[in-house]
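Colleague: Each chain is listed here by its residues.
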Amino acid sequence: MSLFHRHRGFTPYLLLLPGIAFLALFFVVPLGFLGYQSLESGNIDFGFAFTWAWSNYWHAIHDYRAQFIRSLEYAGIATALALVLSYPVAYWIAFRGGRWKNLLLLFIVAPFFVTYLIRTLAWETILSDNGFVVNTLQTLHILGPSGRLLATSTAVVAGITYNFLPFMALPLYVSLEQIDGRLIEAAEDLYASKLHAFLRVTLPLSLPGIVAGTLLTFIPAAGDFINAQLLGSTNNHMIGNVIQSKFLESNEYPEAAAMSFILMAGILVAVFLYARLVGTEQLTGTAA
Amino acid sequence: MSTVAVPARRERRGVVSAVWAFVKRHVLTVYSILFFAYLLLPIAVVVVFSFNNPPGKFNYTWNQFTWDNWRYWDGVPGIRSSIVLSLQIALLASVVATALGTAIALALVRYRFRGRASTNILIFLPLSAPEIVLGASLLTLFLHLSFVTFGFTTILIAHIMFCISFAVVTVKARLVGFDRHLEEAAMDLGANEWTTFTKVTLPLIAPAILAALLLCFAISIDDFVVTYFNSGSSVTFPLFVWGAARIGAPPQVNVIGTAIFVIALTAMLINVLIQMRRSKGAT
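Sequence order for the protein chains is B and U. Numbering-wise, our numbering puts 168 at position 168 of the first sequence, and it's gapless, one number per residue. If you want our numbering, it's the 1-based position in the second sequence plus 288.
These are computed hints drawn from the structure, not numbers from a lab. Bear in mind that the values here come from a model prediction, so they are computed numbers and not experimental data. Accuracy of the hints is not assured; some may be wrong.
What the hints assert, rightly or not - Negatives, chain U to chain B, calculated, CB over 10 angstroms: (1) F339; (2) V457; (3) P491; (4) P495.
What the hints assert, rightly or not - Each pair of labels, with its calculated beta carbon distance range: (5) U:G439 x B:G144: 43 to 51 angstroms; (6) U:R565 x B:F10: 25 to 33 angstroms; (7) U:I551 x B:E249: 50 to 58 angstroms; (8) U:R468 x B:V109: 37 to 45 angstroms.
Backbone N, C-alpha and C fix where the C-beta goes; we use that ideal spot for every residue, glycine too.
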C-alpha cells in the first residue's frame with residue numbers, strides 16, 4: 001500500500017498524462033474534426049467552409065439508404081452465422097479440450113496470423129469461377145452452369161463471417177470455460193434431459209460471452225469494406241465502400257464525414273436495441 | 289396404473305438421453321474438426337499458392353510447382369520497401385504504445401483518483417469504434433492542419449493511437465492479479481521506490497509487457513483500413529497487397545503472407561507448449 005506513498009495525489013496523473021494526452025489529441029479531437037467537417041460545404045477545388053450544412057446528412061441518408069441498410073444487414077447475418085458456427089466449437093474446447101485447450105485455441109486464432117487482405121484474397125481464389133467450390137456446386141446442379149459465387153452477396157457475407165470468426169469464438173470460449181461443471185451436473189440430476197440442462201443452465205451462463213462476441217463481431221463488420229470490395233460487385237457495396245471512395249477518390253469530404261457519423265449512430269442504435277433485447281430475455285429467463 | 293407408467297417413462301427417457309449423449313459426444317467432435325478445416329482452408333490456399341507458377345497475371349488456378357517465388361521474394365517492384373516500412377512502423381508503434389499503455393495500466397490499477405472512470409471509458413472507446421471511423425476522423429484532423437504531410441509520421445501516429453488501448457488492456461489484466469506484498473517486502477528490506485519498481489515490479493510484469501509489445505506489433509503490421517486513410521503516397525505491406533490485388537496479386541504476396549504466418553505461429557506455439565508443460569508439471 002505504501003508504494004509511491006509520498007506522491008499519492010500526483011503520481012497517477014503523471015503516469016496517465018502522456019498516453020491520455022496522445023489519445024485526446026489523436027482520437028477525441030479528430031472525432032470533433034469529423035463532426036466539424038460533416039457540416040462543411042464546398043468542394044476540393046474551391047475549398048470547404050463551415051456552414052452548418054445539415055443537408056450533408058439528409059443527402060447521405062437519401063442517396064445511400066441501400067448501402068446503409070445493406071451494411072447492417074450483412075453485418076447482422078454474418079454475426080448470427082458466426083455465433084451459430086462457433087458456439088459448438090467453443091463448447092467443445094471448453095468442456096472436452098482437456099489439456100489441449102490452449103493448442104485448440106491457437107487454431108481458432110490462426111487466421112489472424114495471416115494478413116487480413118491476404119486471407120480475403122485466398123477466399124477470392126477459393127470461390128473463383130474455375131475453383132473447385134464452384135465446379136462442385138455446378139456438378140451437383142446447386143449452381144447453374146453460368147452460376148458464380150464471386151460478386152454475390154453470399155460471398156461477401158461468407159467473407160465477413162470468416163474474417164471476424166475469432167472475435168466471436170474467443171469470448172464464447174472464455175464464458176463457457178468459466179462455467180462450473182458441477183452446476184450442469186446438478187441441473188442434469190434435477191431436470192428432465194441434457195438438452196434442458198443446456199437450455200436452462202449452460203446457455204444462460206454463457207450469455208456474457210454471446211453478448212461480447214456479438215458486439216465484437218457486429219461493430220467491425222458493419223464498417224467493413226474490404227470483403228465487399230474483393231468478393232462482391234458494386235451491387236454488394238456497403239457503406240464503408242462509399243465512405244472510403246468519397247474520402248480518398250472523389251474527395252467529397254463533408255458528405256463522407258456525415259456518413260461516418262451516421263454509421264456510428266446506426267451501430268449505436270443497433271447495439272442499444274440488442275442490449276434491450278438481451279436484457280429483457282435475461283429477465284424473463286430468470287423469472288421463468 | 290402409475291406404477292406401470294413410471295418405469296416406462298424412465299426407460300424412454302434413458303434411451304433418449306443415451307442417444308443424445310452419443311450424438312453430443314461424436315457429432316460435436318466431428319463438427320469441430322470440420323470447423324477447424326474451414327478455418328485453416330484459406331491459410332492452406334495461401335501457403336500452397338506461394339509455390340505456384342501462375343499461368344497468367346492472376347494467381348487463381350494451380351499451374352506448376354516452383355521455388356522461384358520464395359527465391360525471388362522481392363522480385364516485384366515496391367514489395368521490399370513496403371515490408372521495410374511496415375516493419376519500421378510496427379516496431380516504433382508497438383514500443384511507444386506499450387510504454388504509454390503500461391503507464392496508464394499502472395495508474396488505473398494502483399491508484400484511486402478523480403477521472404478514473406472516464407479514463408476507463410476513453411481506453412475502451414477506440415476498441416469499440418469501427419476502424420473506418422478511426423481512420424476517417426484522423427484524416428479530417430490532418431486535412432485541417434495545413435503543415436501536415438501524409439506519410440511515415442501520420443501512419444505512425446495512427447498506429448500508436450489504436451495500439452494504446454490494446455496495450456493497456458493486456459498489461460492491466462496482469463497487474464490485477466499482482467501480489468503487492470512482494471513490493472512491500474522489498475521496501476521493508478530497505479529498497480527505495482525506484483529500486484523497488486525496477487527490481488521487483490518491472491520483472492514481474494515483464495511477461496505482460498512483452499505480450500503487449502507482440503500484440504501491438506501484430507495489429508500494426510496487419511492494419512489496412514486506418515493506414516489506408518492516412519498514408520498519403522507511402523505504401524505499407526497491406527497497402528501493397530491492396531494495390532496489387534486490383535491488377536492480380538503476384539505469388540510473392542503469398543510468400544510474405546506465409547512467412548508472417550509461420551513466424552507468428554511459431555512464436556505462439558512455443559508459448560503454448562511452455563504453458564502446457566507447466567500445467568502438466570503442476571498436476
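Colleague: Confirm or reject each hint.
Modeller: Hints and how they fare:
| no. | hint | in the structure |
| --- | --- | --- |
| 1 | F339 | holds (14 angstroms) |
| 2 | V457 | holds (13 angstroms) |
| 3 | P491 | holds (15 angstroms) |
| 4 | P495 | holds (15 angstroms) |
| 5 | U:G439 x B:G144: 43 to 51 angstroms | holds (49 angstroms) |
| 6 | U:R565 x B:F10: 25 to 33 angstroms | violated (44 angstroms) |
| 7 | U:I551 x B:E249: 50 to 58 angstroms | violated (34 angstroms) |
| 8 | U:R468 x B:V109: 37 to 45 angstroms | violated (32 angstroms) |
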